Amino acid sequence: MLYDIEQIRKEFPILKQTVNGKPLVYLDNAATTQKPDQVINRMVAYYENENSNVHRGVHHLSQLATDAYESARKYIANYIHASDPKEIIFTRGTTESINLIANAFETFVNEGDEIVISSMEHHSNLVPWQQLCVRTGAGLIVIPVNEEGELDTDQFKSALNERTRIVALTHISNVLGTINPVKEITQLAHEMEIPVLIDGAQAMAHIPVDVQDIDCDFYTFSGHKAYAPMGIGALYGKSEWLEKLPPYQFGGEMIESVHFDATTFNDLPYKFEAGTPNVAGALGLEAAIRYIDKHGIENIRKYEDELLAFATSQLNLIEDLQIIGTAAQKTAVISFIVDGVHAYDIGTLLDKMGIAIRTGNHCAQPLVDSYGLTGTIRMSLAMYNTKKEIDIFIDALKKVLGMLR
Amino acid sequence: MTIQEQQKAIIEEFSIFDDWMDKYAYLIELGKELPMIDEKYKTNQYLITGCQSRVWLFAELDDEGKVVFTADSDAVITKGIVSLLIKVLSGHAPKEILDTDLEFLEKIGLKEHLSPTRANGLVSMVKQMQFYARAFQLKSNAKK
Ligand SMILES: Cc1ncc(COP(=O)(O)O)c(C=O)c1O
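Going down the list, the protein sequences come from chains L and B. Each residue of the first sequence is one higher than the last, beginning at 1 in this note's numbering. Each residue of the second sequence is one higher than the last, beginning at 1001 in this note's numbering.
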């Protein structure tokens, strides 16, 4: 299939902007992606034609909104190969999805138990587990990464034991770009009957996601990192697990019947969706995934891989520049440092030239610390970036380094 | 020069730049003129924690009762701005420092660096300078 980059760029209205008089070059996609017309229009159409509260009304609009909301769930379930739509819980995003599981797991975690994560986790897949350990007296076991930014599966294996209650691991590192062997690690954990949560925040926009193939027990993602609106995301959980876990928040929608002395909870997925949900967001998320699917995630991946290889080779030509994260399996993200130049200075001057990148610790402070750094410069790609933008970025970077050195 | 005159001088100096690159190149140069903090004060006690670039700031009162600031930062643009702030505020009485409205950063088009969301520690830096001034003022009032 032809990858029509001109057409794709036209569909993202924000890309027409200029910043400081220069065309915007948006290379901060790991923080959040831009939204295509298809997503924006879907949300507008919802508020223009369908807005109503879901699952409650007997009236026409309520039925429309409920149908649309539930068919979004079904579409998303299908896309990530969940075995049933009820395994998809709509949440605010990755952070809320992980907090939901970390809170619900308090029932299963006792003093002396262990939770296993990796050292490349985003704070969102670290702090909720750390705090669960603080509340329960469990230990947080952290598997380190090697110099290239890869995990050692053998080390993972040896960290697992009969006290391990859950393994929580990112699918793709937002700092290093490493794609982790999540299927292999899930299998290792399952051999010891340990459940696995995969943080898919960085994966949805870049690689195919098949939760049955990975066989993970939980999978979490944020819409806004995959062309969908902010404030919507999902938690996938195997229904055996979700049935077992206690609710996370209480209120309307998640109940079956309420009396002053007792309440019975609703079935999946509603048990975990207390209160009025973000219906427009869910429809926007469906539209975003349809958009990805229309262009084909394999095509997007191939296109982004070419950009990544090009950007990597160009960056490697710059003197004293070191790429942090050189895993054999990586996508869309390049972190780097330049000897003797502060990341903040580079970011500030690149912004003056219309280029959006990110500097700092990227919400993964322990990882950045482990490289002995205080921060990196990170450029991250999306399906709408071009080779020409990378040229502009590289030229600007050279100019900036000329000023700073 | 009074604080006000100093601010005016800086605004004039910057008015010749119509290109951002020249302006930032000058800012980087200014960073090199920063009155350096004594190495022994480059500790966590004198560190102003912004999110990304770090700033160390020290202040003392000279014989004439003027506040003298010294500082350092690990980022050169931050250093340039700190250097400007010190140029304006250093060598003045605590009361003068506290009465000052720092308008020059806006006038020379660098206000964005003072936004609290910029995460470079400059907002806390200005607060810390004022805090030192207030502390010195209280001390000298107590003596009287
Ligand atoms: C790997 C990873 N996990 C979790 C998150 C948190 O996502 P959100 O802020 O959308 O909840 C991010 C976002 O930066 C991420 O990159």
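No lab work stands behind these hints: they were computed from the structure. You may find that some hints are simply not true.
[To be verified] To give an idea of the interface, some chain B residues facing chain L are shown, with a C-beta separation under 10 Å as derived from the structure: (1) Phe1017; (2) Asp1018; (3) Trp1020; (4) Ala1025.
If you're wondering where the values come from, they're calculated on a predicted model, not measured in any experiment. C-beta atoms are modelled at their ideal positions from N, C-alpha and C, and glycine is treated no differently.
Each hint tested on the structure:
no., hint, result
1, Phe1017, "violated, 13 Å"
2, Asp1018, "violated, 12 Å"
3, Trp1020, "holds, 5 Å"
4, Ala1025, "holds, 6 Å"
The structure is inconsistent with the numbered hints 1 and 2, although it conforms to all the rest.
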